[in-house]
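**Q** So the protein sequences, as listed, match chains X and Z.
According to the working numbering, the first sequence is numbered sequentially starting from 1.
According to the working numbering, the second sequence is numbered sequentially starting from 1.
What the hints contain is simulated information worked out from the structure, not anything from laboratory work.
All of these numbers come straight from a predicted model, not from anything done at the bench.
By construction, the Cβ of each residue, glycine as well, lies at the ideal position given by its N, Cα and C atoms.
Misleading hints may appear alongside valid ones.
[What the hints assert, rightly or not] Distance ranges between label pairs, derived from CB positions:
{"hint": "1", "chain 1": "X", "residue 1": "68", "chain 2": "Z", "residue 2": "69", "range": "35 to 45 Å"}
{"hint": "2", "chain 1": "Z", "residue 1": "69", "chain 2": "X", "residue 2": "220", "range": "54 to 64 Å"}
{"hint": "3", "chain 1": "X", "residue 1": "69", "chain 2": "Z", "residue 2": "73", "range": "30 to 40 Å"}
{"hint": "4", "chain 1": "Z", "residue 1": "274", "chain 2": "X", "residue 2": "138", "range": "55 to 65 Å"}
{"hint": "5", "chain 1": "Z", "residue 1": "278", "chain 2": "X", "residue 2": "68", "range": "55 to 65 Å"}
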Amino acid sequence: MNNSDNALKVNNLVIRFGGLYAIDNVNMHINKGEFVGLIGPNGAGKTTFFNSITGNLIPTEGTITYQGKSLIKKSPDKISHMGISRTFQNIRIFPKMTVLENVCLPIHSKPTYNLFSAMLGLPSVKNEDKRIQEKALDFLNRLGIEAYKDHQAGALSYGLQRRLEIARALAADLSLLLLDEPAAGMNNDECNELIELLHGIHKDFNLSIMLIEHHIDVVLKLCSRIYVLNLGKLLAEGAPHEIQSNPDVIRAYLGERRKKQ
Amino acid sequence: MYIASVVVTICVNIVAVIGLALLTGYTGMFSLGHAGFMCIGAYVAVLLNKYFIVPYVFALILGGFASVLVSLIIGYPTLRNKLRGDYFAICMLGFGTVVRLILNNMNNPITNGALGITNIPKLTTLWSALLFMLVLVYFMWNFVNSQYGKNCVAIQQQEVAAEMMGVSIVRTKLLSLAISAFYCAVSGGILGFWLQYIAPATFSDTRSNDFLATLVTGGINSITGPLLASVFLTTMLEYLRFFANWRLVVYGLLFILIMRFLPEGIMGYKEFSLKNTIKFFKEFSQNKVKIMEKWMRFCAKLTKKTNNKERKL
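If we strip away everything but chain Z, and leave its shape as in the complex, we get:
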């Protein structure tokens, strides 16, 4: 049962991170508020199921579409005015917080304010979560490798040139925002039907930051990278539970190391495949001596540097 809960958490994280990968990794727009979309998706799906007896799958999809609608409402004015980079991220941060605060202060018997909705039927099973995850990842894989995905990458790499070559910036960015909102909403729905309880606090800013951190660790412009990173980081989080608050320190250290040595992420601009892995190990075994020498030189350099500093001091 414990294992199942970990696997479902992994699936939920993967769906959300893959959605964010399209927006941040491929289109190049940072967002700090995707938990807001997750929140909308979860609430809409759960309420539809509870009060209108909409079946599980349709509730999730309708929750997704509700989120898409909201994303278009917030995306159109911000993106049309060419809000980019940090400004867009801050805008989304505000959006995530607003969604949470509105739900916190809606004291009615339906959403229950800060107390949240309880007694949700447990409709998510291990298998349904896995199935949803696989289907959604497959769709995203196709999307990213299609013309639509290529247009997104073009915008991320060279926005001016992409526009000059005929890519509609507003439309393409809106599309990728809407799809990422859909993915996050579905992942929120899956989570809600698994936990049997959702409250505004479930979708705090920490969650958005976690998604972004997982994505950056996994690598931009890659699907398999963030996928592996969310598997790895979620399981690591479970292992580190014994450390209590120290786990955040380990987490932080990991990110610092990645930002220092692999700024594009572990799998930046690469995809994981059997062929690549075999190639990597072949090259590694052929150049074992060379790589070892390189490392030795690197270590020597490091020690030398510290020695110099000591001397100066």
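Just chain X, same shape as in the assembly:
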């Protein structure tokens, strides 16, 4: 089947805010198990693109399908249950919850027991909670932050919060992970650590990953295919070495005036 190797397929996507075309006629696809990069200057519409996939924005035109099912006009929680999970550019953890509770949340976002047993506090409820906590601990272990499990998430350092966000996204029983600038504000060593981590996650969890990133090293080392967005339009697509030498991409990064229509 053709659908099985195209995990995500985006056709003729248009997102318009009034007269501004934030995304203009973009076609993209992610194959199953592929690591795809999405780069572009600031304001190119990368995060808007993510928002439209996860259901925060309803596209003006176009289709988005995941494993053969349409994602348009579905609410974000339903899309999440279809196996798409993401991290955010500006960290959005639950600051007053503990690290463990943060990671537990996506596992029990659809409660696994009914309301009345929850209110009565039955022993089965406590067992279920314990089972979920153990499951969450596995993810914390994988990201190497299990030592902080009882800390308040908001009190963690920036790097650890980024890791926590990835752990939380992984816990959501996913098959497609959207990473929005995971290396923002990190130095070289931290970037290398992140590359190793993401590489491992990609292999171990058998995921398709789409990565938005400004650190070009990270993108070149991780991604097998790269899309370049500029001013809402798809500028180029190809393997890392093709993108590096593409004159359009270089011009876009150095800056260009928006054409008068």
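Since the structure of chain X is provided, determine the placement of chain Z on it from the hints.
**A** Then chain Z, alone, in the frame of chain X:
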């Protein structure tokens, strides 16, 4: 007898405030009209008992379910359209007022319009009120610490992320609204069967505001905080009765101080327990000198500031 009446009032307030704590403290939605739910619960319970001879406990529970039904009817359209924050609070304010005005203007022999229902049998005793309060607080405690409660907290802290992690926003918010409506309705029923008289004016907007104020004083994201606050504020209100209208001034001053120095409430994000209290006092006794120094510095700063202002003037 006087003491009993104070204790029953405290129980009634606790049940209502705990219900509101789920909605406001845990899910993060402000409501200015929960007296409306209380009103519905009280009327339904009392009328069922009076005309259909439904026993006390069942009347209270059925009153609760009537309120849940109403809360779903008002909650679904407002929450589905992502009405949040102040808008939702104003919507609920309107709801509370509408319920009161409808009952005020229904001039029939059953509800008696603004005169209210009199001669209600006194079925609430001190012990039944206490028992109801304890059972309902226990249920709420379990709920808040369950997966359902955690989903509510997630929505309060970071709605976008919670939705992206698979929490259904509409369903979770509706659930917490319905449960808080149930709690308020039961507390209204308990109050009705204790006072032996209910009228629309019993459930005025002031009551909703009092609940919200008690909750904010007690602390958001906490059960024991609002519980202690409602005990404290209700008894304080009784003590201050001698002051007549001045009690409202004391009340207001207290809230200003709390909003200034403890914006999350006295027990915000904390629960009262013996362990925590012992820990607190241990730390306090160990760091007595440090804390005293801190206070001295704080006071010095305050006086310095005022001095500067005087100089400027």
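**Q** Hint by hint, say whether it matches the structure.
**A** The hints, checked one at a time:
1. The given range of 35 to 45 Å is respected by residue 68 of chain X and residue 69 of chain Z, whose C-beta atoms sit roughly 40 Å from each other.
2. For residue 69 of chain Z paired with residue 220 of chain X, a C-beta distance near 59 Å keeps the hint of 54 to 64 Å intact.
3. The supplied range of 30 to 40 Å is met by residue 69 of chain X and residue 73 of chain Z, whose beta-carbon atoms lie about 33 Å from each other.
4. Range check, residue 274 of chain Z to residue 138 of chain X: about 34 Å between beta-carbon atoms, so the 55 to 65 Å window is missed.
5. In this structure the supplied range 55 to 65 Å holds for residue 278 of chain Z paired with residue 68 of chain X, their Cβ-Cβ distance being about 59 Å.
In this structure, only the earlier hint numbered 4 is contradicted, and the remaining ones agree with it.
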